[in-house]
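Chain order of the listed sequences is A and B. Numbered according to the working numbering, the first sequence spans residues 1 to 357. Numbered according to the working numbering, the second sequence spans residues 1 to 335.
No wet-lab data here; the hints were simulated from the structure. Computed from a prediction, not measured in an experiment: that's the story for all the values here. Treat the hints with care, as some may be off.
Once the Cα atoms are required to be at most 25 Å apart in a straight line, the calculated SDA-like pairs of lysine to any residue come out as [claimed, not checked]:
1. B:Lys117 with A:Asp83
2. B:Lys117 with A:Phe117
3. B:Lys149 with A:Gly175
4. B:Lys117 with A:Arg92
5. B:Lys117 with A:Trp91
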Amino acid sequence: MSSEPGKGSEPVKASEAGEPFSTPEHTGASSDPLVGTAPAPVVAPTPAPVVAPTPAPVEGAVRLGASLDIAAVRIAGGGLRDDARAVAVVWRRELIRFFRNRLRILTSLAQPVLFLFVLGTGLASMVSARGGPQGSVLGAGIDFKTFMFPGVVGMTVLFTAIFSAVSIVWDREFGFLREMLVAPVRRGAIVVGKCVGGATVATLQGVLMLALAGLVHVPYSPTLILTLLGEMMLAAFMLTAFGIMLAARISQVESFQVVMQFFVLPMFFLSGALFPLSNLPQWLAVLTKVDPLSYAVDPMRRAVLSQMALSPRTRAVLGQGMSWDGWRLPVGLELGLVALAGVVVLAIAARRFARPE
Amino acid sequence: MSAGTGSAVAPAIEVCDLQKRYGEIEAVRGVSFDVAAGETFGFLGPNGAGKSTTISILCTLAEPTGGTARVSGHDVVAERLEVRRRIGLVFQDVTLDDYLTAEENLRFHADLYGVPKAVLAERLRRVLEMVGLWDRRSGLVRTFSGGMKRRLEIARGLLHSPRVLFLDEPTVGLDPQTRSHIWEYIEQLRRREAVTIFLTTHYMDEAEHCDRIAIIDGGRIVAMGTPETLKEQVGLDRVVLRAPDQDQVTSALRDRFGLDPIISEGAVAIHVANGAEFVPRLFGELGVPVSSVSVARPTLDDVFMTFTGRTIRDAEASTSEVNATRPWMRAMRSR
Ligand SMILES: Nc1ncnc2c1ncn2[C@@H]1O[C@H](COP(=O)(O)OP(=O)(O)O)[C@@H](O)[C@H]1O
Ligand SMILES: [Mg+2]
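Turn these sequences into a full structure, and let the hints guide you.
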């Protein structure tokens with residue numbers, strides 16, 4: 001075997017499509033008969049194209065000759081390009097799995113629909129009954145379901161994101177995680193791929209929910225839809241990252257219940273998805289402020305309410321979203337916090353996976 | 001990187017005093033061996049001997065707690081990515097995505113390993129044809145049998161043309177026919193791909209396929225060499241006689257040949273240096289009716305017995321008891 005070249009001595013010149021896929025280490029390896037029988041030197045000393053210059057798909061012998069060159073595949077590892085490709089492939093797998101499981105798409109829709117139309121309708125009658133027709137808490141012009149809608153969209157994103165993220169535990173149980181972890185790519189790239197994939201899936205599921213907007217008097221205005229879409233994506237990213245961070249510590253599928261009971265459900269109930277965050281007792285107010293989901297639901301609710309014609313009084317009650325010590329947080333700050341939380345949590349998750357046993 | 005320089009033929013795998021402990025459990029207690037490029041090397045040992053742990057370390061999935069190992073000239077701790085680029089792996093348990101098709105599983109792998117698009121189609125076809133799954137490439141892996149999954153994993157392990165292929169118990173849990181198929185693929189592989197193969201097994205007969213084997217028990221290598229030399233080290237052939245009157249045969253063997261016969265499974269067994277030459281003498285001098293005689297060269301079973309003092313089946317039985325009392329182990333292991 002010829003001397004093994006260092007990373008630095010990779011023949012960058014021998015790149016045709018910008019991707020050098022052969023290294024002298026392989027071509028020089030006389031111990032490898034495959035390369036020995038290869039029809040042509042794989043790396044020319046001059047910047048010649050590496051691939052046989054006949055890109056046309058030819059069947060038979062010619063292709064066989066080409067296939068022998070495969071031993072000269074330049075295998076990935078370390079570069080930014082490799083990382084990007086790893087992110088893409090893991091992302092694609094998430095999408096394939098999502099679209100293949102139509103039943104899951106439907107069942108994931110069932111819960112938020114129940115919340116919105118059953119719980120929402122039930123609560124609406126109570127909320128408006130309390131103050132009588134004149135002094136209704138909500139006042140005229142808004143249905144409680146409309147108020148709940150952004151919360152329920154957030155809920156859809158939350159559950160789908162966590163479910164996608166925690167599928168890492170299943171990947172581990174069924175071994176596929178090892179197939180990913182032993183690949184010559186940085187583990188961070190796998191984690192980012194999983195996160196982007198889960199976030200995409202969660203956003204898609206959220207979009208399905210968003211499609212029901214009309215049923216709860218939310219107008220299909222392009223600005224509103226786009227705003228909500230962006231906010232959903234951000235929330236989905238943060239939540240998936242959060243799920244992956246938890247999944248890194250879970251070794252058994254059974255522990256998924258723990259995640260649901262102790263992290264996901266509290267996150268959901270404390271986020272203000274179902275009730276306004278105003279006039280809460282101190283202990284509850286504090287808890288809602290530590291819940292990162294609150295900072296994602298509030299901007300979505302603001303976007304929806306801004307589209308509705310509301311009396312000043314109603315707006316005062318419902319619009320009282322996230323505030324710190326009486327200071328109403330601007331939307332930009334809220335979204336910035338969500339993004340920040342997402343990045344921090346993702347970094348922790350990546351670190352947890354980077355460690356070998 | 002540096003190791004390969006200078007030496008004419010660097011070993012594909014170099015392991016020096018490798019150790020791994022999991023808390024109290026010493027899974028690997030200082031093993032050392034080299035595997036030459038192009039060689040097929042087998043780890044033979046009962047369950048719990050430390051085979052998978054050794055593979056995990058060599059594949060950079062676990063960190064050794066002592067010793068060093070290099071694969072294809074690269075240190076498995078310091079140069080993980082370099083090692084990973086050069087190896088293919090078939091794990092002991094299935095690591096396919098059930099919800100993807102066979103081809104999607106392979107494409108996922110190819111993308112992850114950066115197999116260039118230009119050669120992928122051909123390569124895909126070649127590995128799938130080799131394991132006889134080309135026609136089933138669009139089938140969901142969920143619908144595959146255990147043997148098909150194993151074959152698909154072997155195809156996947158080869159897809160990126162690794163220098164060293166690790167096969168952890170490639171035939172465990174498969175029926176005899178599928179097992180022999182898998183071995184055909186492995187033989188084919190050795191001829192066509194000239195890849196170095198490191199495999200583990202606890203089937204004696206399978207170890208015979210290897211150029212060299214190491215017998216591992218309790219985290220230690222107890223013997224190493226070609227199957228032939230190991231069997232020669234055991235030395236004695238086994239001669240089994242069946243006779244109408246066993247006691248008569250036994251005493252005749254004792255008196256006239258000075259041997260120490262063992263009666264087992266309804267037959268009389270003796271161990272002699274050269275069975276084939278012993279049989280004519282037996283016929284000439286025994287003087288007692290015998291209904292059948294068979295001569296067996298020592299098997300790897302005998303080798304295992306000689307070096308560990310128990311049969312591999314006994315060893316299995318004792319570890320499976322241990323493992324049965326520890327159901328959490330599976331969960332731990334897959335971490
Ligand atoms: N992750 C782990 N945690 C604790 N003990 C382990 C772990 N992996 C393996 N072991 C123990 O190490 C020993 C060797 O296991 P292993 O390498 O899987 O054996 P083999 O592959 O030869 O059957 C066994 O006793 C096993 O229980
Ligand atoms: Mg094992």
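Taking the numbered hints from earlier one at a time, note which ones the structure violates and give those numbers from smallest to largest.
2
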